[in-house]
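Student: So the protein sequences, as listed, match chains C and Z.
Mapping of the first sequence onto my numbering: residues 1 to 225, in sequence order.
Mapping of the second sequence onto my numbering: residues 226 to 279, in sequence order.
No wet-lab data here; the hints were simulated from the structure.
Honestly, I wouldn't trust all of these hints.
Chain C residues, not near chain Z, derived (Cβ > 10 Å throughout) [unchecked claim]: (1) T94; (2) C115; (3) A141; (4) D202; (5) L215; (6) H221.
Computed cross-link-like contacts, BS3-like style, restricted to lysine-lysine with a CA-CA straight-line distance of at most 27 Å [said to hold, decoys possible]: (7) K278/Z <-> K60/C; (8) K63/C <-> K52/C; (9) K234/Z <-> K64/C; (10) K234/Z <-> K52/C; (11) K272/Z <-> K59/C; (12) K242/Z <-> K52/C; (13) K272/Z <-> K52/C; (14) K242/Z <-> K63/C; (15) K53/C <-> K90/C; (16) K272/Z <-> K53/C; (17) K52/C <-> K278/Z; (18) K278/Z <-> K53/C; (19) K63/C <-> K234/Z; (20) K234/Z <-> K59/C; (21) K60/C <-> K272/Z; (22) K242/Z <-> K64/C; (23) K234/Z <-> K114/C; (24) K60/C <-> K234/Z; (25) K59/C <-> K278/Z; (26) K60/C <-> K114/C; (27) K53/C <-> K234/Z; (28) K63/C <-> K278/Z; (29) K242/Z <-> K53/C; (30) K59/C <-> K242/Z; (31) K242/Z <-> K60/C; (32) K114/C <-> K242/Z.
Where a beta carbon is used, it is the ideal one built from N, C-alpha and C, also for glycine.
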Amino acid sequence: MIVITGSSRGLGLAICERLHSLGVDVFGLSRDVSNSAFPSMSCDVSSYEEVKKVALTLKKEGKKVSGLVNAAGIASMNLAVTTPPTVSQKIIETNLLGTIFCCQLIAPLMMRNKCGSIMNFSTIAVSLGLKGESVYAASKAGVEGFTRSFAREMADFNINVNCIAPGPIDTSLLKGITTNQINKIVSQQIIPKQFSPDAICDLVELLLDARSNSLSGQVLHVGGA
Amino acid sequence: MTLVGLCLKLEDFAGDKGFEFDWTSAQAMSMSRSMFRNAGSLASEFKDQMDAKL
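Can you build the whole structure from these sequences, using the hints too?
Tutor: Printed below as a string of structure tokens:
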């Protein structure tokens, strides 16, 4: 079973749908699971207790978890000096602490089987230092640092931990960003074109495949950065 | 990492016994009171949690 957070929309939903269509046993986590077409459970990843409840449920049901995709995330494009503290806090809690909590609590389910693949999500905003995304970039830079250290901790258990860092992908996360702004970011990628969620799904499939088990602790830039 | 493996086994053993063994509490980080000081303190903590929850 592959556990995927942020499964109700955006990249999380696209990844769930892709894997589900391939016959992979997926389990989605999201705050709203009312319209889910695959097995899901309501969970706010920024709540340690809620994530723990998910881990206990999976353990009690004897599910064999072989993958975790931490796709839940929020963004807020603002200059740092105009970002309200509540917004900064919410971004860090969801993007960084949410990723940490899911890794801490779901990884033990994989450690028992001595195999697995964990994928966290960063952004091109970290490597490019994009203006107006400092708090968001800070949360994702934290995810990158956590990924590298956690990958070493998990290596003894034959679990690979990597980070996918996309450029601007056409999802609801880009709401409010103008086409000009998107084009400007895309032009700074090594491959200067905007990729679709399919490119991310392809990469997730690759990282779930045993042939990628030499990769761990890496930040994979979709589009190149 | 052997310690983590041992804790996972203790967690499974606790599950068989009908209680949840918590090895991630803030107390575990304490230098003086950590359950991870030695094998005896870990065993003692396991027993305390079992007694408290059963």
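Student: Beyond 10 Å on every Cβ pair: is that true for A141/C relative to chain Z?
Tutor: holds (25 Å)
Student: Quick one, are K242/Z and K63/C close enough, alpha carbons at most 27 Å?
Tutor: Measuring from Cα to Cα gives roughly 20 Å; hence the hint holds.
Student: Does the structure keep K60/C and K114/C at a Cα separation of 27 Å or less?
Tutor: Distance of about 19 Å is within 27 Å: holds.
Student: Does the claim that C115/C lies off the interface hold, with its Cβ farther than 10 Å from every Cβ of chain Z?
Tutor: holds (14 Å)
Student: Minimum Cβ separation between D202/C and chain Z greater than 10 Å?
Tutor: holds (32 Å)
Student: Run the distance test for K278/Z versus K60/C: straight-line Cα separation, threshold 27 Å.
Tutor: The hint holds at about 18 Å.
Student: Need the status of pair K234/Z, K64/C: alpha-carbon distance at most 27 Å?
Tutor: holds (16 Å)
Student: So L215/C supposedly isn't at the interface. Is its beta-carbon more than 10 Å from every beta-carbon in chain Z?
Tutor: The claim holds: L215/C sits with its nearest Cβ about 20 Å from chain Z, beyond 10 Å.
Student: Does K60/C sit within 27 Å of K242/Z, going by the straight-line distance between their CA atoms?
Tutor: holds (13 Å)
Student: Taking 27 Å as the top limit, are the C-alpha atoms of K242/Z and K64/C close enough?
Tutor: Roughly 21 Å between the alpha carbons, so the hint for K242/Z and K64/C holds.
Student: Regarding the pair K242/Z and K53/C, is the alpha-carbon distance no greater than 27 Å?
Tutor: holds (19 Å)
Student: Assess, step by step, whether the Cα of K242/Z is no farther than 27 Å from the Cα of K52/C, and give holds or violated.
Tutor: OK: K242/Z and K52/C at ~20 Å, within 27 Å.
Violated hints are absent here; each numbered hint is respected by the structure.
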